[in-house]
Every structure is written in structure tokens, then in C-alpha cells.
Amino acid sequence: MSAGDLLFGICSVLCVTGALIVVLAKNPIRGAMGLLSTIIGIAGLFLRLNAQFLAAMQLLVYAGAVVILFVFVVMLLGPNAAVTDRGQKGATASRMIGALLIGLIGAGALRLFTGLETHSFTTIGPEHGSVEAVGGMIFNEALVPFELATVLLIVAVVGAIAVARTVPSAKKKPVVDNPTLRMFHGPLHPRDAERPLDGRLLTEIAINKESV
Amino acid sequence: MELLSQIFPAQDFSLLGVILGLPAIGALVNGLFGKRLGKEAVTLMALSAIGGAFIAAVTSFCMLQHASEGAHEHVRFYYKAWEWLSLKGQGPGVADFRDVRLDVAFSLDALNATMCLVITGIGFLIHLYSSKYMEHDPGYYRFFTYLNLFVFSMLVLVLGDSLPILFVGWEGVGLCSYLLIGFWFSEEANASAGKKAFITNRIGDFGLLVAMGLLAYYVGALDWVGIDEGRGQLLKAVKIWPVGDHVPIANLMPEGVKASLNEARYVSRATLVALALFLGAMGKSAQFILHVWLPDAMAGPTPVSALIHAATMVTAGVYLLCRLSGVMVLSPTAMFIVAAFGAFTAFFAATVALVQNDIKKVLAYSTVSQLGYMFLGVGVGAFTAGFFHVLTHAFFKACLFLGAGSVIHAMHARIHDTDQSQDMRNMGGMAKFMPGTFITFVAAWAAIVGTPLTSGFFSKDEILYKAKTSFITGPDQIPVAEMRSLSIDNFVWTESMGTGLYLVGWAAAIMTAFYMTRLVIGTFLGDFKGWKIVDGWQDPHAHDAHGHDAHDVHGHDHDTHGHDHDGHADDVPHHHHETPGVDHMDGPVPHESPWQMTLPLWILGGLAAFAGFFNAGALYHITHAESLISLEHWLHPVFSSASQVVQERESAHGFFWVGLSLAIVAWLSGVLFAGWMYIQKQGVPAAQLQARFPQVHAFLFDKWRVDEFYQETVIGALDSLAEICVWFDRWVVDGILARASAFLISLVGALLRQFQNGRVQTYSAFTAFGLFLVGCYVITPHDAARVTSNHLTGKYAIAATPGFGYSYRWDADGDEKGEWDSKKFGSRAEVDFDLEVNATRVVRLQVMNALGAVNEQKFEITRPAPSADEQPALRLEMTEEGLKQARPRAAGRDAARPGIGQPSAGPTGQMRPTAPGKQHPPTLDRRAAPHGASPSHGAEH
Amino acid sequence: MNLSTVIEHYLFLSTVVFTIGAIGFLVRRNILVQLMSIELMLNSVNLLLVAFNRQHTSNMSGQMFAFFIIAVAAAEVAVGLAIVLQFYRLRATVNSDKATELRH
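Chains as they are written, first to last, in our numbering: chain A, 1 to 212; chain B, 1 to 941; chain C, 1 to 104.
Some hints here could point you the wrong way.
Derived CB-CB ranges, DEER-like [stated by the list, open to error]:
| # | chain 1 | residue 1 | chain 2 | residue 2 | range |
| --- | --- | --- | --- | --- | --- |
| 1 | A | L7 | B | T767 | 33 to 43 angstroms |
| 2 | A | I154 | C | Q86 | 16 to 26 angstroms |
| 3 | B | T840 | A | L7 | 52 to 62 angstroms |
| 4 | C | V72 | B | K858 | 46 to 56 angstroms |
| 5 | A | V151 | B | K858 | 51 to 61 angstroms |
| 6 | B | A797 | A | L6 | 41 to 51 angstroms |
| 7 | B | D821 | A | G106 | 31 to 41 angstroms |
| 8 | C | V72 | B | H782 | 29 to 39 angstroms |
| 9 | B | T767 | A | G106 | 16 to 26 angstroms |
| 10 | B | T767 | A | I161 | 21 to 31 angstroms |
| 11 | A | I161 | B | G770 | 34 to 44 angstroms |
Lysine to aspartate or glutamate pairs mimicking DMTMM-like chemistry, simulated, CA-CA at most 25 angstroms apart [stated by the list, open to error]:
| # | chain 1 | residue 1 | chain 2 | residue 2 |
| --- | --- | --- | --- | --- |
| 12 | B | K80 | B | E2 |
| 13 | B | K817 | B | E860 |
| 14 | B | K795 | B | D783 |
| 15 | A | K26 | C | E76 |
| 16 | B | K80 | B | E171 |
| 17 | A | K26 | C | D97 |
Bear in mind the hints are in silico, worked out from the structure with no lab data behind them. Backbone N, C-alpha and C fix where the C-beta goes; we use that ideal spot for every residue, glycine too.
Work out the full structure: start from the sequences and follow the hints.
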């Protein structure tokens with residue numbers, strides 16, 4: 001067993017355990033951590049497969065952005081991020097498909113471990129999978145998809161903002177819990193008797209020409 | 001006359017166009033512009049149209065008379081307006097591809113000329129009459145339009161030269177009858193009466209259409225000349241039973257019944273045609289079964305009843321039978337049926353008329369009865385007598401109807417309700433108020449009851465005489481062998497049948513005399529029972545609803561009073577709650593009608609009295625003066641071909657005096673009995689009889705309940721059919737087709753809706769499943785194999801495509817035993833073998849993929865013989881040295897192998913062609929003999 | 001068993017991760033966990049692509065494709081999480097069973 005195989009083993013264990021944690025954990029933060037583990041494992045496997053550039057990208061984008069996003073959202077949701085999984089309706093179909101997929105794993109395992117012919121890797125130089133190689137491919141053959149991906153990312157940014165934006169409700173006045181106000185809950189001067197303090201700025205009052 | 005004959009030659013007699021065109025123009029102008037023209041102009045237009053037509057008809061009549069003076073054959077003036085169409089067909093009477101031509105053509109001969117005179121003459125008089133009768137009707141112009149249209153259609157009917165043109169006129173008069181009966185259509189009863197007339201007519205029209213079809217098929221012609229020429233074709237027999245070879249249900253019956261069911265029955269074609277024609281005539285002329293429309297037709301204005309239902313339209317049936325007399329007499333069976341129906345109709349209608357109280361109803365049933373006489377006359381072969389009765393009936397019945405109209409007109413001075421104003425029980429004693437009407441009515445009465453020397457006497461007596469003594473012989477041409485015992489054409493007209501017809505007719509004559517006398521007495525004699533006559537009485541309800549004056553100046557010296565004519569239309573139903581009767585109402589003096597109404601009465605009354613001398617058959621028998629039967633001579637050429645088979649019994653001569661005396665007995669007994677009962681006894685015995693036999697009275701009064709019978713059976717059947725259709729529509733179409741299918745679809749929808757639970761995971765689960773199925777389909781094992789073939793060395797290799805999880809099984813040993821090389825699937829993906837020249841090996845390959853799906857492929861590899869022909873491009877001009885050089889090399893090579901083959905497209909199967917093998921230079925001297933291939937062509941494979 | 005890694009190992013691993021991701025997506029109710037499962041599946045596919053690219057080295061199309069998948073997946077996660085936030089604002093939960101507006 002060479003070092004490469006050892007790396008393969010460790011990374012695959014990372015991947016699988018991470019995946020299992022994602023799927024099985026009740027707390028979504030734990031799920032996010034599991035996802036992170038999977039991603040790191042996959043990055044390691046990319047390195048093993050002579051995809052250096054891609055490994056770096058994987059870590060930058062996935063581990064550095066996607067997982068962070070997940071964590072942000074989980075924290076925004078607070079305690080409501082966890083959901084009970086009891087009392088599901090219509091889960092039969094899902095379970096059947098799940099069973100089918102496990103069957104798929106079984107078939108794969110069968111294939112791997114029953115001695116059918118396997119194909120090993122050829123040796124290859126370090127320029128395969130380097131930044132130049134991948135970059136050359138992208139900017140020569142796949143320039144248009146690259147630009148389109150750029151557009152897609154811009155649209156996604158705009159879309160995310162548009163979807164997640166809160167529309168400010170027009171006439172809702174926020175309930176102000178102003179400690180300063182609470183200290184002065186009565187008029188300071190008799191002339192202010194008809195002018196209660198309600199948290200509006202004086203400038204607002206002046207602009208809107210409202211009566212105090 | 002000569003000038004006229006030059007202007008209107010006999011073959012292009014455009015005067016017929018004038019006769020037809022004038023009423024048509026009148027109808028058109030009045031119809032389109034009548035409202036704008038105003039009453040006087042409409043009257044002028046209509047009257048001048050008919051008057052002009054009458055003058056033209058008289059002119060034509062005189063010209064025809066002049067032309068037929070010396071002629072021995074049937075003189076006919078012919079006028080073709082235009083060619084219409086022609087039918088190509090096949091039939092026994094129609095030679096192959098001969099045309100049956102239908103042209104819009106008219107012809108005038110003795111028969112139609114007389115009819116034309118009657119139609120236009122009486123039509124003119126009735127137009128004159130209606131100009132006063134309908135004076136206050138808001139639909140005045142419409143009435144004259146319809147009247148003109150009617151006269152036009154009737155003229156088309158009688159002047160038509162062929163059955164289709166006659167049929168056009170036939171339908172036209174049916175239409176006009178509908179329009180005129182339902183003239184005051186805002187009353188539902190009137191509209192229904194119009195519909196009834198039209199529909200009943202239509203049933204008869206079906207018969208006429210069938211007759212036309214049969215004639216076109218058998219005889220091959222539809223015009224009178226053609227039918228007369230070809231009518232011999234009708235003497236053949238037609239099998240009418242069973243249709244096909246046998247009756248289907250006969251197999252279930254016992255033997256005797258089966259034999260008689262399957263026995264073929266024949267009738268002659270003439271019988272079929274004649275019966276179909278009679279059906280048509282029955283509808284139009286109100287014979288027994290289809291008579292139901294005529295009494296209801298009294299809902300129309302009285303001039304309409306006079307013109308249409310007395311003088312012209314109802315005689316169209318008689319005209320049809322007279323016109324086609326040549327066809328009718330070919331079937332004695334049908335003629336007897338016609339006569340029997342006629343006699344029965346005469347009897348039946350007379351019984352109903354005995355108890356009716358409405359004047360117009362009595363006259364209507366009288367019309368039906370007299371029509372029965374006409375058919376009786378025509379049926380026994382006395383065409384002239386029947387036709388003469390048409391003429392005399394036109395005169396006296398029109399006079400009677402117009403007189404009745406005059407009386408009703410007078411009754412409307414006080415009684416506005418239609419039924420009450422026509423009820424005889426409200427009349428009486430009109431003679432002193434309306435003397436002119438009374439005298440003419442009596443003249444017509446005398447004619448109809450058969451007073452000797454009146455027209456009615458001569459015509460009716462002649463018919464009865466002929467009924468007893470005349471009969472039709474069967475034509476000899478029908479082969480007896482084709483007649484079976486139950487065929488209806490084995491008909492022999494016995495003397496007793498004639499006697500039976502005579503007796504029925506005679507009984508009807510007695511009843512005719514009785515009820516007509518009752519009518520006259522009830523209306524004109526005795527005391528007036530309508531209202532209490534108060535001089536100077538004014539109608540407090542003078543109706544101005546129609547914008548016309550409440551006062552009418554009638555032109556005679558009566559106190560003017562306001563009242564409405566019965567012509568004011570019953571759009572506004574009158575609810576005069578006063579019941580008529582001397583004690584119940586006050587009213588004015590009933591008055592005589594204006595001259596426009598009485599003049600036609602006088603003319604018609606005179607004709608009714610004296611027109612008998614045109615065909616005074618009885619007198620002729622006594623005196624034998626030829627001038628007394630001028631009509632018979634006049635019509636002789638028309639009926640000559642028919643009269644050949646009409647024969648007289650030997651007992652005829654002796655019967656003459658008996659018949660004459662019986663006729664006078666009938667007249668006297670009827671008249672005197674009615675006089676005794678109603679004048680002397682004031683109708684008391686009649687009331688007693690009614691009380692003693694109420695069911696008989698009710699039966700007669702309800703017109704033998706024929707209408708109710710039709711309502712129950714025919715209309716009931718149609719209603720049931722409608723119910724079935726409603727049920728079908730509701731349950732099958734709506735239920736099964738509409739609702740059930742919708743239910744099915746909603747069921748499927750409800751089922752499918754369960755899959756839409758809104759959860760994305762379910763959707764993706766199904767997507768994954770679908771993808772799996774697609775994958776299964778995609779992952780079928782590929783069994784393409786790559787064949788490497790080397791025809792030179794004879795080495796062949798087949799390599800199967802590799803795939804994930806594939807395993808292979810070969811059968812490549814060439815032993816053709818169909819066994820696989822190894823039972824198990826192995827992983828050997830390639831086989832190779834050698835082949836001899838011209839050898840073939842079939843290699844089979846089975847591929848199984850990891851999922852166990854197996855596919856098989858068969859390869860047939862042949863090693864072709866090397867073809868001797870090389871490519872012509874390689875035929876080089878070789879020098880001697882080259883040949884020498886080439887030969888040893890070629891010899892050496894060829895020794896090892898017999899020929900050189902050109903590698904070509906390999907064996908069948910999905911293979912890629914291999915590169916061709918090496919070419920050898922041609923060997924020139926070894927070419928021809930061993931292989932026999934021609935050197936000049938390319939290699940053939 | 002051959003201990004040197006061959007491509008079948010990578011295929012198997014990819015399958016396992018994919019299956020786990022698929023089952024997680026189908027079974028779990030938490031929208032965030034579903035999104036993470038989607039990420040698992042995408043990653044497994046990336047692994048597969050790169051592994052095949054390592055086997056057939058004529059060009060870099062596998063890695064390039066994986067690169068694009070990473071980019072698109074990032075965009076998709078961004079938008080998806082925005083939707084989750086908005087959903088949370090409407091329903092106060094991230095239970096995907098509550099997202100049944102399109103139910104029949």
C-alpha cells in the first residue's frame with residue numbers, strides 16, 4: 001500500500017463519514033460540519049487525481065464560501081433551524097427510492113469486490129491538472145460557457161438579494177423601546193404637556209409638518 | 001283567329017305564358033309593394049291580373065276549339081319556357097343512357113283549357129267578392145298576394161306538361177292553402193289548421209313522388225305524351241313479396257305457414273303506380289283517410305274556402321287522375337279501390353254533415369262528400385262524368401260558400417265571435433233580410449241536392465249511373481302464369497261490386513239532400529234567432545283598434561251602424577260576454593251584402609242552375625241529341641286511350657230508367673223529409689232522435705272520431721318516438737357519453753392528483769425512479785461486433801464490443817448444429833477462424849450485461865471466390881518484356897491459389913469494410929477459359 | 001483484492017457519496033439538510049468527472065466540467081439559501097412539509 005493509497009483511504013473515510021453526518025445529524029450545524037468534512041475529503045482526492053487547480057478551487061469555493069453560507073443561514077434561523085422528522089406523509093416513495101439506491105451501492109460493491117477486471121491509472125506528468133492546463137482549456141475551448149457562468153453568478157447574486165430582501169412595510173411604526181424615553185415619561189416643562197415623547201425625530205416632525 | 005294562330009303557334013303557344021305570368025306578376029307586385037300601394041291599387045292589380053288571365057284563357061279556349069274542329073287526334077298546344085334538367089338512368093322503360101327530360105313546359109288541351117276557364121273565371125269572381133269581404137282586414141294586400149299566388153300555382157298545376165311541373169304547382173297550392181287557411185295566424189287554432197292542411201297534404205305528396213319515381217323508372221318519361229306512349233311497360237308484373245328470396249322468420253314457422261309466407265306475390269306495375277297516384281290525390285282532395293284537414297280549413301276566410309276548398313285545389317286530385325287516365329285504367333284493382341274510397345268518403349262525410357251546426361262545417365263535409373262522388377266517377381272509368389262533376393261542383397259549391405260568407409258577414413253586425421256567428425242555431429229567417437243571397441243560395445242548393453235539370457242533377461246522376469253500369473276490364477297482356485292465387489291483380493270487377501258502389505252513392509245522395517235542405521231551412525227560413533232586432537241600434541263597442549272607420553257605408557239603404565266586419569281579424573280576441581239568442585241580445589237588422597259580393601253569387605248561381613246542359617247525360621239517353629253532351633265530345637280525345645278498357649254492362653240500358661227514378665226518389669225523399677222535420681215539426685223529431693241515441697249522435701258529431709284516432713295512433717307514435725329520443729339523449733348521450741366519460745376522467749384525475757402532494761421530495765423520488773427506468777432501457781447490451789476479415793488469407797476475426805459487466809457466448813465452431821460453444825457466458829470477446837474459398841460460416845454471438853439482459857447477433861461470413869476480373873484500370877499495355885516479367889510472378893502466385901479475389905464488402909452484419917487486399921496485375925492468357933468471366937467488365941460480387 | 005487504487009474505487013466512492021446524498025435529500029425534512037445533500041451529490045459527480053479525466057487524459061474536459069459545476073453550485077446555493085430565508089419568514093419553519101402551496 002503506497003502513500004497514495006493511504007491518502008485515498010483517509011480521504012474516502014472523510015467523505016463517507018462527512019456524508020453520513022450530513023444526512024443523519026439532527027442539528028444542521030453538525031450537518032454543515034459534516035459537509036465540510038466531505039468537501040475536504042474530496043479536495044484530497046482531487047489532489048490524488050492530479051487535479052491540483054480543482055482541489056484549490058474546491059477548498060476556496062466550497063469550503064470557503066458555500067459552507068460558510070450554510071452556517072450563516074443556520075445561525076440566522078437560530079433555534080428554528082432544526083426540524084422534527086416525525087409524522088411524515090408520503091415518505092413511502094422516498095423510502096423505496098432510497099432502498100433502490102442502496103441497491104445501487106450493493107451492485108457497485110459487487111462489481112468492485114468480485115474480481116472483475118479493473119482498470120488502473122496510467123502515469124502522468126504534473127502538468128496534467130495544473131492551472132495552465134485547465135485554464136488553457138477554459139479560455140480556449142470553453143470561453144463562452146465561462147462568460148455565461150459569469151453572467152450566471154451575477155444573476156445569482158442579484159437574485160439572492162432580490163429573493164431574500166425584506167420589503168419594508170409602509171406604515172408600520174416600530175415599537176420603540178427607548179431607555180431614554182422611559183426615563184422621561186412625563187413632560188419636563190409645562191409647555192411640553194401636550195407634546196408627548198414618542199420617539200420621532202424632531203427633524204421628522206418638522207419635515208412632515210406634523211403636529212407634535 | 002288566323003292572326004292569333006300566327007302569333008301563337010301551336011308548338012310555341014306563349015299565350016300560356018301570359019295566362020301564367022299575369023297572376024304571378026300580380027302576386028309579386030302585391031307582395032312586395034302591397035303595403036305601400038294602398039287598398040285600391042292592390043285590388044286593381046289583383047283583379048286585373050286574374051281578369052287578364054281569364055281573357056287569355058278564353059282566347060286560348062277558343063283557339064283550341066278552332067284547332068280541334070277538324071282534327072281527329074288529340075290537339076295540344078305546347079309551350080316550353082325553358083329546359084330544366086334531364087335524368088340519366090336505367091330501367092326497364094329507360095333505354096341505356098336515355099334521358100328522362102324535365103323541362104319547364106306547359107301544354108293546353110281540352111282538359112286543361114276547361115280547368116283554366118274555371119280557375120281564372122271563378123278566381124276572378126272570388127277576387128271581386130273578397131275585395132269587399134276583406135275590406136277592413138289589415139292584411140288586405142297580403143290576402144290578395146296569396147290569392148294571386150294560389151291562382152298562379154293552380155294554373156301551373158293544370159297547365160304543366162309533365163308530372164314534375166304539375167308537382168311544382170301541387171306544392172304551390174299546398175303552400176298557398178297553408179298560408180290562406182292560417183291567414184289570421186295570431187289565433188292558434190287557425191295556425192294549427194294551416195299546419196294540419198299542409199302536413200296532411202304532404203303525406204299525399206309522398207305518394208305522388210313515389211308515383212313519379214316509378215313512372216320514370218318503368219316508363220322512362222314523365223311528360224304526358226311520353227307516359228302515354230310508354231305505358232305499355234306498366235303491364236308487367238312486379239314481385240312485391242318476399243323481398244329477397246325468403247322471409248327471414250319463416251324458418252321458425254311450421255311448414256304450411258312457411259310455404260305461404262315465402263310464396264311470391266306479384267302485382268302489376270300499373271297497380272303500384274295507380275295506387276301511388278291515388279295516395280297523392282287522396283291528400284289533396286281530402287278522401288277518407290286524409291280528409292281531416294278540410295273541415296279544419298274552415299278557419300280561413302270564407303272566400304278562401306270558396307276558391308280553394310270548393311272549386312280548385314281539392315279538384316287537383318281529380319285532375320291528376322283524369323290526366324293520367326291512361327295509366328290508371330291499366331289497373332282495374334286500383335280503379336276499384338279509387339271508386340270504393342270515393343263512395344265511402346261520400347257516405348261518411350254525408351253522415352257527419354247531418355248533425356253539424358256550423359254552416360261552414362256543413363259545407364266542408366259536403367265538399368268532402370262531393371269529392372267522393374268525383375272519385376267514384378273517375379274510379380269506375382267515367383272520367384267525363386267525374387270531371388263534369390268537378391265543374392258543376394265548382395259552381396254550386398263556390399256559390400254556397402260565398403253565400404254562407406255573405407250570411408256570416410251579416411251576422412257579424414252583432415256577433416263577432418267566429419264560432420257563434422257561424423252557428424246555424426243563431427240564424428234563421430235570413431231570407432227576408434238578404435233576398436239576393438237567398439235566391440242564389442237556393443239555386444245552388446237545388447243543384448247540389450239533385451233537382452232535375454240542374455247541373456248537379458246531371459252530373460251526380462251520371463256518376464251514379466256509371467257506378468252501377470261501368471267497369472274496367474283487365475288488360476290481357478299480363479301473363480296468367482305469373483299470377484298466384486293471392487295476388488291482388490287477379491281482380492274481376494263483378495256486377496255486384498258495381499251495385500254496391502251504386503247503393504252507397506245513392507244513400508249518400510239522400511243524405512246530401514237532407515242535410516242541405518236542413519241547412520237552407522235553418523239559415524234562411526223560419527224566425528231569426530240571433531238577436532232581438534232593434535231599429536237604429538248602435539254598437540257601443542265601436543272598435544277603432546285598427547285605425548279604420550267604425551262606420552261602413554255599404555251602399556244600401558240601411559241605417560248606418562258601427563260594427564266590425566268579420567274581416568277585421570281576430571288578433572284582438574273579443575270577449576263579448578253576451579250569448580246570442582233573441583232574449584239575450586239586441587242588435588241591428590241584418591243586411592244584404594254589397595254588389596261586389598252579390599254579383600259573383602248571381603253568376604255562380606246561374607251557372608249552377610243551368611250549366612248542366614253542357615253534359616246532360618240523362619237527357620241524352622232519352623233524346624240522343626248530340627248537342628246535349630258537348631262536354632263529352634270536347635273531352636273525348638283526352639280520354640280516348642283510357643276509354644278503350646272501360647266497358648258497359650249489358651244490363652246498362654235497362655237500368656237507365658230505374659236509375660233515373662231512383663235519383664228522383666232520392667232527391668224528393670231527402671228534401672221532403674228535411675222539410676217535414678224542420679219546417680213542419682220545427683226540428684222536434686231531430687232532438688228526440690238525438691236524445692234517444694246520444695252515442696250515435698256524438699259519434700257522428702265527432703266526425704267518426706278519426707282525428708282522435710290519429711291523435712292516439714300516429715301522433716301518439718311520434719310522441720313515443722320523441723320520448724324515446726329524449727330518454728336516449730338524457731341517459732345515453734348525456735349520461736354515458738357526457739357524464740360517464742367526464743366521470744371517468746375525473747376519476748383518473750383524482751387518482752393522479754394523489755401524486756401531487758406539493759412536496760419536492762416526492763417529485764424527485766419519482767424523477768429518480770423514472771431515470772432508473774430510462775437507464776434500464778439504455779443499458780441493454782450492445783451486440784455490435786467488429787469483424788476483421790481478410791479474404792486473401794482466409795482469416796477472419798470477430799471482436800465483440802467491450803462493456804461494463806459484459807460476458808459473451810459464442811457459437812463459432814462452424815458445425816452448424818445450433819449449439820453454443822460453451823454453456824456458460826465467458827469473458828472471451830474475440831474469436832477467429834479460417835475459411836476455405838467459397839465457404840460460409842455462421843457465427844452467433846450472445847452478449848449479456850451485468851443486469852442479465854441478453855442480446856444475440858448472427859454473422860454470416862463468406863469467403864468469396866476470387867473474381868477473375870481485375871479493375872480495368874489495371875489493364876496496362878504491356879510490352880513483351882513486361883509480360884514475361886509479370887508471368888512468372890503471376891504464375892507463381894496463381895499456382896498457389898486458383899484465383900485472385902478482390903476483397904469487397906465483407907459479410908453481412910454490422911461491420912466495417914476492411915481495406916481491400918492487394919491487386920495483382922492481370923494475367924492475360926489465363927483469363928477466359930477457366931473462369932468464363934468476361935474480361936471487360938468490373939468484378940461482380 | 002488489489003490494493004492499488006484503480007478507477008473502480010473512485011467510482012464506488014462516488015456512488016456511495018451520491019447515494020447517501022440522494023437518500024438524505026429524499027428522506028430528511030429540513031430544507032437546509034436537503035440543500036446540503038444536494039451539495040453532496042454534486043461533489044460526488046465532480047469526483048467522478050475528475051477520476052475519469054485522470055483515466056482518459058487526452059484533454060481536460062472532465063476537470064473543466066467540474067470547475068463549472070463548482071461555480072454553478074455556488075450560485076445555486078446562494079439563491080437557494082435566499083429562498084430558504086424567505087420561506088422561513090413566511091412559515092417560521094424550515095420544514096419542507098410545510099411548503100405545499102402547489103398541492104392539489
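Status of each hint after checking the structure:
1. A:L7 x B:T767: 33 to 43 angstroms: Roughly 36 angstroms apart at Cβ, these two residues keep to the hinted range, so it holds.
2. A:I154 x C:Q86: 16 to 26 angstroms: holds, 20 angstroms
3. B:T840 x A:L7: 52 to 62 angstroms: For L7 of chain A against T840 of chain B, whose Cβ atoms are near 58 angstroms apart, the range 52 to 62 angstroms holds.
4. C:V72 x B:K858: 46 to 56 angstroms: holds, 47 angstroms
5. A:V151 x B:K858: 51 to 61 angstroms: holds, 54 angstroms
6. B:A797 x A:L6: 41 to 51 angstroms: holds, 44 angstroms
7. B:D821 x A:G106: 31 to 41 angstroms: holds, 32 angstroms
8. C:V72 x B:H782: 29 to 39 angstroms: The hint (29 to 39 angstroms, Cβ to Cβ) holds, given that V72 of chain C and H782 of chain B are roughly 33 angstroms apart.
9. B:T767 x A:G106: 16 to 26 angstroms: For T767 of chain B and G106 of chain A the Cβ distance comes to about 22 angstroms; the hint holds.
10. B:T767 x A:I161: 21 to 31 angstroms: With Cβ atoms ~30 angstroms apart, the hint holds.
11. A:I161 x B:G770: 34 to 44 angstroms: The hint (34 to 44 angstroms, Cβ to Cβ) holds, given that I161 of chain A and G770 of chain B are roughly 35 angstroms apart.
12. B:K80 x B:E2: holds, 22 angstroms
13. B:K817 x B:E860: holds, 15 angstroms
14. B:K795 x B:D783: holds, 22 angstroms
15. A:K26 x C:E76: holds, 23 angstroms
16. B:K80 x B:E171: Between K80 of chain B and E171 of chain B the Cα gap is close to 21 angstroms, so the pair holds against 25 angstroms.
17. A:K26 x C:D97: Cα-Cα ~16 angstroms, so holds.
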